[in-house]
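Chains as they are written, first to last, in numbering that gives the first Met the number 0: chain A, 0 to 241; chain B, 0 to 138; chain C, 0 to 396.
Worth double-checking, as some hints may not be accurate.
Okay, the calculated bits of chain C under chain A, using three or more residues with CB under 8 Å as the criterion [to be verified]: (1) 31-39; (2) 131-142; (3) 172-182; (4) 337-345; (5) 370-384.
Take a look, some chain A residues computed to stay more than 12 Å from chain C by CB distance [stated by the list, open to error]: (6) T69; (7) D81; (8) R98; (9) R133; (10) V158; (11) P163; (12) V165; (13) R181; (14) E192; (15) G198; (16) A200; (17) K216.
In short, the hints are calculated from the structure, not lab data. Heads up, the beta-carbon is just placed ideally off N, CA and C, and yes, glycines get one too.
Chain by chain, the residues run as shown.
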Amino acid sequence: MSEVDHGRRKFLWESAALAGIALAPGITLYDLAHGRRPEAAASGKVRWGLLVDMNRCQPACDACVRACDTENGLSGGKTVTDSQWIRKIDLTDPRGSVRSLPMMCQHCADPPCVDVCPTGASFKRADGIVLVDRHICIGCRYCMMACPYGARSFVFEPVANQKPEVPRGKGCVESCTLCVHRIDRDRIPACVEACAATGHAALLFGDLNDPQSEISKRIAAVATTQVRADLRLDTAVRYQGL
Amino acid sequence: MAGVPGGACTRRTALFAAALVIALAAAVGAQAAPGAPTRVPLPSIEAGAGERCVEDTAFMRRNHMELLRHQRDVTVHEGIRTTRHSLANCVTCHAGRKTGRVTGERGFCQGCHSYAGIALDCFECHADKPAPPMAEVTR
Amino acid sequence: MLAEASRSSSRRFWALLAVGVLVVVAGLAAAHLMEERGHIVTGMNNRIVWALPHVFALFMVIAASGVLNVANIHSVFGQGAYKSCAPLSGLLCIALVAGGVAVETLDLGRPERVLATMTHHNFTSVFAWNVFLYPGLIVIVAAYLATIMDRRHGARSGAVGVASFVWRIALTTGTGSVFAFLVARQAYGTAVLVPLLLAMSFAWGLALFLVAQSAFCRWNGVALPAEVRRRMRNLLALFVLVVLFLVLIYHLTNGYFAKQIAFERFILRDGGVYPQLFWWGYVGAGSLVPLFLLWGPRGAAARDGLAAPLLVIVGAFALLYVFIVGGQAFPLELFPGYRTASSFGDGVIQAYVPSLPELALGLSGVGIAFLIALVGVRLFDFLPHDEAAAPQGAGAD
Chain A
0 MSEVDHGRRK FLWESAALAG IALAPGITLY DLAHGRRPEA AASGKVRWGL LVDMNRCQPA
60 CDACVRACDT ENGLSGGKTV TDSQWIRKID LTDPRGSVRS LPMMCQHCAD PPCVDVCPTG
120 ASFKRADGIV LVDRHICIGC RYCMMACPYG ARSFVFEPVA NQKPEVPRGK GCVESCTLCV
180 HRIDRDRIPA CVEACAATGH AALLFGDLND PQSEISKRIA AVATTQVRAD LRLDTAVRYQ
240 GL
Chain B
0 MAGVPGGACT RRTALFAAAL VIALAAAVGA QAAPGAPTRV PLPSIEAGAG ERCVEDTAFM
60 RRNHMELLRH QRDVTVHEGI RTTRHSLANC VTCHAGRKTG RVTGERGFCQ GCHSYAGIAL
120 DCFECHADKP APPMAEVTR
Chain C
0 MLAEASRSSS RRFWALLAVG VLVVVAGLAA AHLMEERGHI VTGMNNRIVW ALPHVFALFM
60 VIAASGVLNV ANIHSVFGQG AYKSCAPLSG LLCIALVAGG VAVETLDLGR PERVLATMTH
120 HNFTSVFAWN VFLYPGLIVI VAAYLATIMD RRHGARSGAV GVASFVWRIA LTTGTGSVFA
180 FLVARQAYGT AVLVPLLLAM SFAWGLALFL VAQSAFCRWN GVALPAEVRR RMRNLLALFV
240 LVVLFLVLIY HLTNGYFAKQ IAFERFILRD GGVYPQLFWW GYVGAGSLVP LFLLWGPRGA
300 AARDGLAAPL LVIVGAFALL YVFIVGGQAF PLELFPGYRT ASSFGDGVIQ AYVPSLPELA
360 LGLSGVGIAF LIALVGVRLF DFLPHDEAAA PQGAGAD
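Extracted from the complex, chain A is given alone in its bound form (with noise of 0.2 Å):
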């Protein structure tokens, strides 16, 4: 196709769904932050973050943590040297009551992570995101060290058959990407697919830099924790129910 002609196409399409946006203020068929181009980068108005129902999560339940190993291509062993980005805790009151929740990176604003990476592959993203650059992790595990949520990962054996979309390899550390992979192409995190999945629902993803989504309105109405709070790194990651 020539250039002319794409050049032509696109602007045909965009004119389109602009038109079809305006045409319903108020009801957003496709949230113009979120449909992000291939070509544009991450952008700082947004912060994706995540709220955990503490009350509709399931103690016997692991739809989440199964679907982030698929997801990514983790091993889906569960012992101390396999790499487990999202874990379920139970939680038990010394006074009775047994509760769970699903923990992951908290994608924190002040990451400890990415203070004391010597390489800086540890690093939040424009949106909010943190991620360990593969490239220029030399596995010192310093990371690993400094995270007060035990998020982080490191591969202890070589690792084949990776997912296309998550390379990952021995020697590195890893945690969870928020499947930055699926939101860069306007899809929602595989745990929270799963979740909703289930009929559960105890996962809600959006932007929390966006007071129309439903995260943020969700934030607003009811009271929400973040882990750990005392410790003052803004994580992105709330829970409801705490």
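Given chain A's structure and the hints, the job is docking chains B and C onto it.
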């Protein structure tokens, strides 16, 4: 070489060195001659599934590493996921028709890298097979 | 007679060199195994990420900084009596930094990428500073050695000596900060770790110097003046006392915080191997017994022995093991007041068993330091020679 007069020793060494140099020159010269039958092994690479590369061959031979390095920085740090120079896109086309991979003795990437003697560690982390086709699910 | 002595010392040198090379090769083989198969061959896991190799590396780096102190006492503090010790002290400093950094680098998940630390810097990380501080110490000490061993540069030895002192303080501060800046862990994240590691460097560096100096002097038939030896032992006792004091402060402060008390109970009473190592290894064998040997009511002969510095070193390893591994074995407290359980080690004390590759790797660092010191002493004039060379097997040390 104790006991041998210095003169004999030096002459022998010089003759040996000269013979060696001439032999090497002859070998190199034989290969350098255009069209001459060559015994230098060339990389044997399995053909990929794609038709034509996104850039021309000479350019790619010299610059593919720069393209990949730049692309990886913009993809990982900025989330720019254009496909033209992405490694996954390369793999999709260049994966061998029979093996389905770019690694392996005759793989497109590995074959040339082994031949040139340059360590290839991309595929310690990156998938060396194209992604299986899947239906796009929009939110 | 002289030829006989020289041949036997030559034989000894080659034998020692062979031992050193074997130890290093074993460690390199271990590193290669870790590189090929991954860290799964070690005893480390996702809860205990720094373990036995780091105990060795940390000891060597702390001792390296402290062993230079002997030279600094002469150059910086003007105590002429220590002048003869300065070259060996500098050599040992370089040897230990090299050994410690080698172990740290070989234990990386991707050691072949260590050059990335030179091309990518994140200066909010103390590690990034250490990448410059450690090699920098080697360079500065090499320069310092040049000024004190080469008469042409002797005039500069004061300035370079001060520079090396400041640099080594900065380096040990950097090492302490690595742990001091970890906000989330109950074992770390406290400012007292910086002066504690500094005090450790004084004590352990001096202990190591005494052991190394004694060995090299005996192998080469020289001796230090008795007065210098006596003063160094006094200093060692003082440094050991200071370290003990700071360790006490660290645990007392921790114990005062109700939220830290569980950790303190673990480390000091309930944690199995960790309290054992702490009380018997560090406090008992590593501090109280040496103090008794150095300052107690015994005859002068006992005070001259190697037992005290060796025990201090044993105590150092015990303390570092408790500090590094014990500090990680205790679980992170995510939900204060609740009991937690998960598939990832939440809420439980994490078990750790050191593995052979880790031990080999750690020892190879010692081997590297040993080889550098051995070859250095053989090639150059590092040993003190204030007194006339004593005959082989004489009572000195």
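Tested hints:
1. 31-39: With 4 residues closer than 8 Å to chain A, the segment 31-39 of chain C meets the three-residue bar; holds.
2. 131-142: Result for this restraint: violated, n = 0.
3. 172-182: holds (count 4)
4. 337-345: holds (count 9)
5. 370-384: violated (count 0)
6. T69: holds, 16 Å
7. D81: violated, 8 Å
8. R98: violated, 9 Å
9. R133: Its Cβ does come within 12 Å of chain C, the nearest being 9 Å, so this is violated.
10. V158: violated, 9 Å
11. P163: holds, 22 Å
12. V165: Check passes; 18 Å lies beyond 12 Å.
13. R181: R181(A) is indeed farther than 12 Å from all Cβ atoms of chain C, at 23 Å.
14. E192: Check passes; 21 Å lies beyond 12 Å.
15. G198: holds, 23 Å
16. A200: It holds; A200(A) is separated from chain C by about 22 Å at its closest Cβ, greater than 12 Å.
17. K216: With a cut-off of 12 Å, K216(A) remains clear of chain C, as the shortest Cβ separation is near 27 Å.
Hint check: violations occur at hints 2, 5, 7, 8, 9 and 10; the rest are consistent with the structure.
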